[in-house]
Amino acid sequence: MIDAKIPVGQLADKWKNYKDNSKLINPANRKKLDIIVVGTGLAGSSCAATLAEQGYNVKSFCFQDSARRAHSVAAQGGVNAAKNYKNDGDSVYRMFYDTIKGGDFRSREANVYRLAECSLSLIDQAVAQGVPFAREYGGYLNNRSFGGVQVSRTFYARGQTGQQLMMGAYQALMRQVSEGKVQTYTRHEMLDLVLVDGKARGIIARNLETGEIERYAANAVVLATGGYGKVYYLSTLAMGCNSSAIWRAHKKGAYMSGVSWIQFHPTCLPQIGETQSKLTLMSESLRNDGRIWVPKKAGDERIPNNIPEEERDYYLERRYPTFGNLSPRDISSRAAKERIDAGCGVGPMKNAVCLDFSKAIKEQGRDKIEEKYGNLFRMYDKINGVDAYKEPMLISPAAHFTMGGLWVDYDLMTTIPGLFALGEANFSDHGANRLGANSLLQSCVDGYFIAPYTIPNYLSGELKAEKVTTDHSAFEEAENTVREQLSRFLSLKGHLSADHFHKTLGKLLYDKCGLSRTEESLKQAILDIKALKKSFDQELKITGDDQVNSELEKAGRVSDFLELGELMCYDALQREESCGAHFREEYQTPDGEAVRNDKDFCFVSAWEWKGEAEEPELHKEPLVFESVKLTVRSYK
Amino acid sequence: MKLYLKVWRQENREAKGDMVSYDVDGISVHMSFLEMLDLLNERLIQKGERVIEFDHDCREGICGACGMMINGRAHGPLTGTTTCQLHMRSFKDGETVYIEPFRAAAFPVLRDLKIDRSAFDHIIQSGGYISASTGQAPESNSIPIAHEVTEAAFDAAACIGCGACVATCKNSSAALFTSAKVSHLVLLPQGKLEAANRVIKMVNQMDAEGFGHCSNTEACEVECPQEISVLHIGRMNYQYNKALVLRK
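The listed protein sequences derive, respectively, from chains A and V. Heads up: the first sequence begins at 1 in this note's numbering, then just goes up one per residue. Heads up: the second sequence begins at 1 in this note's numbering, then just goes up one per residue.
Keep in mind that the hints were calculated from the coordinates and are not lab data. Mixed in with the good hints, there may be bad ones.
As the list claims (entries may be wrong) - Partial list, derived from the structure: chain A residues whose beta carbon lies under 7 Å from chain V:
hint : residue
1    : D124
2    : Q129
3    : Y137
4    : G139
5    : A238
6    : I361
7    : E363
Stated by the list, open to error - Ranges of calculated distance between the beta carbons of each label pair, as one might list FRET restraints:
hint : chain 1 : residue 1 : chain 2 : residue 2 : range
8    : A       : S487      : V       : Y98       : 34 to 42 Å
9    : A       : K31       : V       : V245      : 48 to 56 Å
10   : V       : G26       : A       : F625      : 51 to 59 Å
11   : A       : E614      : V       : R9        : 42 to 50 Å
12   : V       : N216      : A       : P321      : 55 to 63 Å
13   : V       : Y98       : A       : E539      : 31 to 39 Å
14   : A       : E477      : V       : G48       : 30 to 38 Å
15   : V       : N197      : A       : S22       : 33 to 41 Å
16   : V       : T217      : A       : E179      : 31 to 39 Å
17   : V       : N171      : A       : D88       : 50 to 58 Å
18   : V       : Y98       : A       : K31       : 46 to 54 Å
19   : V       : V245      : A       : P417      : 53 to 61 Å
20   : A       : N17       : V       : N141      : 23 to 31 Å
21   : A       : R318      : V       : G17       : 58 to 66 Å
Stated by the list, open to error - Taking lysine-lysine and the PhoX-like style, the derived pairs with C-alpha atoms no more than 25 Å apart in a straight line are:
hint : chain 1 : residue 1 : chain 2 : residue 2
22   : A       : K382      : V       : K2
23   : V       : K47       : A       : K493
24   : V       : K201      : A       : K181
All C-beta atoms in this analysis are idealised placements derived from N, C-alpha and C, irrespective of residue type, glycine included.
Isolated chain A, as found in the complex (with noise of 0.2 Å):
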């Protein structure tokens, strides 16, 4: 059985029992010990600041080309805490509350207690760092309100949210590089992890501007990778946004939790044509305005201004009168996927909802509007030449967030001792879907005021530990391993390329294992998985060298990806139940919302690779609620 070692005490208490016991090593013994951070944003970065501002020696690899570009920066809409600025009710346990809700009652208590208790210094910490969060004129803090919850907790930075906190975290990134204490590998992809006796003692990477294949050894790894939504092709993450430093992880005996629990974020720009390799996010800050509709009668051809105002549903607002267009994401996507299937979709494609502005701008004024949210209106315009202040917008839901990842105790450990996962790369605290502006929460918080307690707790105990160098026989293993698959993949002599099948899973997974899932499409989704994997291992045209060859790193994610996939079928397949984002047709109400199974699925799914001809074989940590009351979650 699988032990999440959650303090003891009471809830509010856990996290200070923990920090008041956990063992501290002397600084003089911190500049001994190595630290691996793979990932550089939010969470990579202020992991490896923090670690190196206490003294320890730090290598944090990214693949972009400066740490400060990873995705991260993408996040518009803002960050949540508890501050309580608005004096409007809001408190720690409110939103542990709301949280804990939010994510349909499928993560722990103790995890997201934490989360909300960290929330308060992470926002002192990005100001003294020089974050620009939006203020009101007396020079205070402003917050606003964000889907899913009743107060206004969520700080922001315009529509740049993401981008200012990473600047932060780059910054003291940096400046602990100019102190001597980390060093950088940009543009360096981690293929596979090192285990010695069992623990993570090093990685191999590639460097992706020679091509070269390198070890490199410490007394711990941290993955802080991001999230995987990736795997959908089509979906809100960057290009480069991938799966194989967590997978290949997992398959050194990491376990992973909540596979198949992704996040189809409302707001995005809808598919508009095949060769479209990306579904823009519009912040959700719009739903607070505008109004979403689509025509009540199906395949009706007519463009949205000419639909009159008794011929459009609401179907939000009809639906779930208490929050309207404000309902969290999860639901409002549904929403809007059902309408869509139901034939009432707009755009070329049939496959949008429209997003109105009209009756705001007729109560508000433009003026007000375009103060709001002028940003988002020119980036719409920008990519579809379209004036939004004079038609409704299009969107539809894409993939998102991951709330999925690698399995991890209270520590952030993951069943690889010594392997830690940080922010979206782990599982941890957003159950079944996530709230708006707590992902952004979530990675400051794992790397800036968790991992840097955790971490030394574990190392306490490495410092005895044989020092283990680069020359090691299980580096040139997982180097070999490595060296093979590259060779491999550009010795295929075929004639599709990675995008093809990366495209191919995608629209797969959208289809039987996206917004909503059934037993057949699932058991029929991994037949199609396990041929298209098949497929690949004989079809794959690479071209180019083993040197800068973007093809070739394509071509080893999406060979991940494709394993991947195959497992989040698996796990969805198996929870028999629908919470948050995991919508099982089988099992909901007769007027369409989620049946969630508290009796026989109240857990977290905790899957072991065995190999690839077999089966993933599940763990179950029981999912234990001592302070809250489970109950259905409803918007209505």
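Could you slot chain V onto chain A? The hints should help.
Coordinates of chain V only, in the frame set by chain A:
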């Protein structure tokens, strides 16, 4: 639509590159510029040729990874736009389009359109931060900052580090990039304490990396996808001279 592309191909840092012609048809006006290159690359794979290497990631204008000279202009014909947000509706059927990497002595070409911009990281390392270690921060509302001040700092902080300013400058100056960071931090009360040291170190580093001097052509502001103002360069120069005068 059909385009006649002339694309810079270069094997590695040392190799001599040259322009290679590609005729690309079947382009839709809805495609982004990078999706058009994806299409061409897909065809190159079918022909067994090495793809055109270019940097790109978020494809929504915020990561700063993409960037190329398109018909001699950084990020192409539109203002306030990164290459990834440029769409093919900005081009005419039958047009010839020249695509080159961002060029500067401090930005060596790695392959084709991929360049090495680590010089920007070095400038930030030299002082582009506020020294606030984790745990030292005071309560956030204990530092009130006027709305206008935060907004002005934000305008500077919006830089995405793409390098278009350098690429478009006839002197390959990094003054806009460096001054945006100087401005962002010096405007805020948290950043004032280290201001003098910071600006001297950053300007010196900028010179050491091989970027040229600013001669006030203001071309950088025109091509900056975030529309960062050249007034920040004025502020940097003022801060730099002030720091030199007051240095003990």
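Do the hints match the structure? See the list:
1. D124: At about 4 Å, which falls below the 7 Å cut-off, the nearest Cβ of chain V leaves the hint on A:D124 intact, so it holds.
2. Q129: Holds: closest Cβ of chain V sits about 5 Å from A:Q129, inside 7 Å.
3. Y137: Because about 5 Å separates A:Y137 from the closest Cβ in chain V, which is inside the 7 Å limit, the hint holds.
4. G139: holds, 3 Å
5. A238: holds, 4 Å
6. I361: Not OK, violated: A:I361 not within 7 Å of chain V, min 23 Å.
7. E363: Constraint on A:E363 not satisfied, violated at 25 Å.
8. A:S487 with V:Y98: 34 to 42 Å: holds, 37 Å
9. A:K31 with V:V245: 48 to 56 Å: violated, 40 Å
10. V:G26 with A:F625: 51 to 59 Å: holds, 57 Å
11. A:E614 with V:R9: 42 to 50 Å: At 46 Å between Cβs, range holds.
12. V:N216 with A:P321: 55 to 63 Å: holds, 59 Å
13. V:Y98 with A:E539: 31 to 39 Å: holds, 35 Å
14. A:E477 with V:G48: 30 to 38 Å: holds, 34 Å
15. V:N197 with A:S22: 33 to 41 Å: Holds, at about 36 Å.
16. V:T217 with A:E179: 31 to 39 Å: At 37 Å between Cβs, range holds.
17. V:N171 with A:D88: 50 to 58 Å: holds, 53 Å
18. V:Y98 with A:K31: 46 to 54 Å: Distance hint for V:Y98, A:K31 holds at roughly 53 Å.
19. V:V245 with A:P417: 53 to 61 Å: holds, 57 Å
20. A:N17 with V:N141: 23 to 31 Å: The hinted range 23 to 31 Å holds for A:N17 and V:N141, with Cβ atoms some 29 Å apart.
21. A:R318 with V:G17: 58 to 66 Å: Holds, at about 60 Å.
22. A:K382 with V:K2: holds, 22 Å
23. V:K47 with A:K493: Roughly 13 Å between the alpha carbons, so the hint for V:K47 and A:K493 holds.
24. V:K201 with A:K181: Holds, because 19 Å separates the two Cα atoms, which is no more than 25 Å.
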